[in-house]
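Participant: Next come the chains, spelled out residue by residue.
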Amino acid sequence: MIRFDNVTMAYDKKARPALDSVSIEVERGEFAFLVGPSGSGKSTFLRLVLREDRATAGAVFVAGQNVAKLSSWRVPRLRRGIGVVFQDFRLLPQKTVFANVAFAMQVIGKNRSVIRETVPEVLKTVGLEGMGHRMPHELSGGEQQRVAIARAVVNRPGILLADEPTGNLDPTTSQGIMQVLDKINQNGTTVVMATHDDDIVNSMRKRVIELGKGRVVRDEAKALYTSMMPVVPSRRSEQGRLRERVTTPAGLGEEEN
Amino acid sequence: MRLAFILGEIASGLRRNLAMVVSVILVTFVSLTFVGAAGMLQLQINQMKGYWYDRVQVAIFLCGPGSSAAGCSGGAVTPDQQKSIQALLASPAVAQYVNDYHFESQAEAYQHFKEQFANSPIVDSVTPDQLPSSFRINLKDPEKYQIISETFSSRPGVETVIDQRQLLERLFSVMNGASFVAIVIAAVMIVCAILLIGTTIRLSAFSRRRETGIMRLVGASKLVIQLPFVLEGVIAAVVGAVLASATLWAVARFFLGDVLAKQYPDTAFISPTQALMLSPLLIGLGVILAGTSSMLTLRRYLKV
Ligand SMILES: Nc1ncnc2c1ncn2[C@@H]1O[C@H](COP(=O)(O)OP(=O)(O)OP(=O)(O)O)[C@@H](O)[C@H]1O
Ligand SMILES: [Mg+2]
Numbered sequence: 001m002i003r004f005d006n007v008t009m010a011y012d013k014k015a016r017p018a019l020d021s022v023s024i025e026v027e028r029g030e031f032a033f034l035v036g037p038s039g040s041g042k043s044t045f046l047r048l049v050l051r052e053d054r055a056t057a058g059a060v061f062v063a064g065q066n067v068a069k070l071s072s073w074r075v076p077r078l079r080r081g082i083g084v085v086f087q088d089f090r091l092l093p094q095k096t097v098f099a100n101v102a103f104a105m106q107v108i109g110k111n112r113s114v115i116r117e118t119v120p121e122v123l124k125t126v127g128l129e130g131m132g133h134r135m136p137h138e139l140s141g142g143e144q145q146r147v148a149i150a151r152a153v154v155n156r157p158g159i160l161l162a163d164e165p166t167g168n169l170d171p172t173t174s175q176g177i178m179q180v181l182d183k184i185n186q187n188g189t190t191v192v193m194a195t196h197d198d199d200i201v202n203s204m205r206k207r208v209i210e211l212g213k214g215r216v217v218r219d220e221a222k223a224l225y226t227s228m229m230p231v232v233p234s235r236r237s238e239q240g241r242l243r244e245r246v247t248t249p250a251g252l253g254e255e256e257n
Numbered sequence: 001m002r003l004a005f006i007l008g009e010i011a012s013g014l015r016r017n018l019a020m021v022v023s024v025i026l027v028t029f030v031s032l033t034f035v036g037a038a039g040m041l042q043l044q045i046n047q048m049k050g051y052w053y054d055r056v057q058v059a060i061f062l063c064g065p066g067s068s069a070a071g072c073s074g075g076a077v078t079p080d081q082q083k084s085i086q087a088l089l090a091s092p093a094v095a096q097y098v099n100d101y102h103f104e105s106q107a108e109a110y111q112h113f114k115e116q117f118a119n120s121p122i123v124d125s126v127t128p129d130q131l132p133s134s135f136r137i138n139l140k141d142p143e144k145y146q147i148i149s150e151t152f153s154s155r156p157g158v159e160t161v162i163d164q165r166q167l168l169e170r171l172f173s174v175m176n177g178a179s180f181v182a183i184v185i186a187a188v189m190i191v192c193a194i195l196l197i198g199t200t201i202r203l204s205a206f207s208r209r210r211e212t213g214i215m216r217l218v219g220a221s222k223l224v225i226q227l228p229f230v231l232e233g234v235i236a237a238v239v240g241a242v243l244a245s246a247t248l249w250a251v252a253r254f255f256l257g258d259v260l261a262k263q264y265p266d267t268a269f270i271s272p273t274q275a276l277m278l279s280p281l282l283i284g285l286g287v288i289l290a291g292t293s294s295m296l297t298l299r300r301y302l303k304v
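Same order as they appear, the protein sequences are chains A and B.
Numbered continuously in my numbering, the first sequence closes out at residue 257.
Numbered continuously in my numbering, the second sequence closes out at residue 304.
No wet-lab data here; the hints were simulated from the structure.
Quick caveat: nothing in here was measured; it's all calculated off a predicted structure.
Note that the Cβ used here is the ideal one computed from N, Cα and C, for glycine as well.
One side of the interface only, derived from the structure: several residues of chain B facing chain A at Cβ under 10 Å: (1) A4; (2) F5; (3) G8; (4) S12; (5) R210; (6) E211; (7) G213; (8) I214; (9) M215; (10) L217; (11) V218; (12) G219; (13) A220; (14) K303.
SDA-like, lysine to any residue: derived pairs with alpha carbons at most 25 Å apart: (15) A:K69 - B:V304; (16) A:K110 - B:V304; (17) B:K303 - A:S72; (18) A:K183 - A:F31; (19) A:K95 - B:S207; (20) B:K222 - A:P93; (21) B:K222 - A:G81; (22) B:K303 - A:A59.
For reference, chain B alone in the conformation it holds in the complex (with noise of 0.2 Å):
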């Protein structure tokens, strides 16, 4: 009975409250898809660190005939030069720190440089003697990447070792200041639904005073007395934090699964399944920021 009774209320007080109650949905729905962004961001980085660090390498580019820098002053790396390069590889002083190496010939450069911007007009313009031939390293441990460097940049015929851990370190370094800027934008919706999901009850208080003094009157509990009005913006949160589960959803399944994943065939994106795993984070935090604010605001201004 009293269940009924609080649920009747709970019907009675949104429907009377629908401008205010659809507000604090889509309020909540901004900010919790801010929320999720940021985490399937931090989704991403994660599963691209784990595909990329055991590929990634460092390379040892040699100098092709157009090389500008100061170890090409020879022009382009002769046979010998790149022979004590490959024999330094093998020495033991280097070799501690290499699981493997090979070469790659200007040809197999470009035949890569293909495959990776197939989508992409530059392909027509480069020429497999445009692109430089290089040593790929992959490293025992590749925080030591600078014994590497210090060893090989400036043997002659050398124009550059190139890091590419630290190429994704950059990409990752952007996508941290996304999630970080999706968090600011996050933090500041929260404090408005905050705010809103606060007057939003107030006015709804306000609105059932009649019926709560009568209430208090004849011994209704704090609890039958409150309820309600917590699980009004409660449930209104619930609403907004599935409709940004459902946002975050159809982004990893259209954006992510169909448009980027076509455009990046060989980088690993998060699944439909991994987004929606954000979604109980994003329902408890709705919950959590509708209770209490609710709470807060009753204990102001419902006499109880």
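Pulled out of the complex, with its shape left as it was, chain A reads as follows (with noise of 0.2 Å):
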């Protein structure tokens, strides 16, 4: 569904690059956790998914399509393919929960009577039922992301890309967060989540890429935050180390090179 071979991604030509020679393939209906430490690439590689940037060197395949190749006209269907939640909701403070999750399926041009009903559908999936006239400041953080991710979800993606979706929300919030994801995720939707919070990484056991300073440095199905291999040191540790004991012994290195 995912496919990055070999992408390498500069801001800025003198800095080291945010992403450095990435492959990496998630497959349709797969549930991935993004991992590693700020400023190590994570929000990055889902600016490529989405062709937020390009990438300067390297192919990203989203559902078999070089989005590097989309001309800029057809770059809105690829989104319209893909749902996307941020830490921060962005939902827009005048309108109702309804009007948020209505205005995705308006802007595509969705017809009214579709949008009544799917909107209340979509919201009954995140556990928003009969909530749809309340205002984005009459709920708390938990349900405006729920908000988010029924806006994200309504027009039938088949991915959804999370960036730290549960940034701003305590561990019961967040684990309740974590259960409409994988319920999204059992319906087929390809889910993607960046994420700092090994609480939740650690009780999902999904697939887990770790990255660190732009590189992959662990790929692990059903994994914990941290990773249980002896040869990954500790992430206190010194980064120059880091990178070379992860790239060849931990073995995972096929998406290396």
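Dock chain one against chain two, each of which comes alone in its own frame, and use the hints as you go.
Facilitator: This is the structure:
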């Protein structure tokens, strides 16, 4: 569903690239966590999938299409197939919950009757049944994030990208959000979630892709936030050593070169 | 659905940005009014050319008792002198250029003078013997004025030869100058309008950046994202253009039609309908101005 072929992304020619020869494939229907320290390139990874930016080198494929080759008028169609959720919810404060979710359908030209039918269904999926008339400021953070998720999936995208969706929420609320994301994943949507939240990663036991300084340092199925493998040093260790040791002996290097 | 949505976006944009939108309307209104004024002056010039060029004549003014011109040293024109001038006019050398001519006596000149200045107190202070008699000549080709002038101006008894067309040309050049000034003012105002529309659209895009950001993410097309902004500018400019057209119509109807037409009854002024014919031009100009300046602004300030 998402494939990175030797992708390098350098925002600034002089600085270290935000992503450095990353090769990763996320299958259709998969749930993958993207972890790693701040600045390791998680958000950059998601931006490349959305074609917010184009990779400096290498190719990004989404649903079989090389996104860099899309002409600009086709980019909207790519984005209709991808839902996005952020740490800061990004709801429209003047619109009700219903209107916020409906907005995503209106702007791509869905007709009114479809909207009236679909929005309540999606609100139910995210656990906000009957709250369509509320304004965003009348909701808790967790509820607001559910609205954002509803808006991201209301057009039934094949992919859901979440950039630290639980970053502003307490652990219990975060668990609730994870249940919603899991449910959406169960319905067949591919989910990629960038996070710093170790409790959540540990409790979900999904695939974990760990980035460090723009490189993939770990890619493990049903994994924990920190690797169980002895060869991977603790996150406190000196960065130069970390790269050397994990890229070779960790043995997960099929994606590396 | 999408249309209803876009219309809703436009309405909310206009409401949020009301003060800016009003200033865009006023600036386009003023600038297009100046464009229209220049247009009306040109129409008026054409109208007057059409009306007058057939009627204007070359006038050979004959010496009166008080004439001080060089050719009048012998005092007022004598009947002999007048006859020889008339004979020359009828001679083949001159007649080939002349359509027809007639003699205007001092009494007739006084009569015309009274009609022309009916509204002016000057009439009371003029007597018939102060006005010269003249031959009025209608030329086949008005450009041949020079020949008539050379032939007659040094004849005894001739005070001066005047090409009325030249007087008209002088009037037209004043009007052309006025329309040039109007165009210069219009150009400055149009620059203002372009900058103001750009700024307005930029503010509007900024105040709605959350919405447009989300539209982008959920895959709204460039058209749906940008159209409300472009139309916002275009609608404001069209309102300005309509106001400008209404102003031109009012000027033609009330100022030209009621005030000037009474003062100059023998002048054909342009009609309100003719003034309204400028309106599509103004609206088109407004749309182009607003459309291009908002599109250029959006290309820089609104990511899609
Ligand atoms: N638009 C940009 N222009 C220039 N540099 C950027 C830009 N976005 C990100 N970077 C740089 O790229 C690197 C990776 O940033 P990125 O946002 O992908 O990290 P991250 O893993 O998402 O971090 P965090 O966990 O803090 O969100 C950083 O060094 C950052 O400074
Ligand atoms: Mg980030």
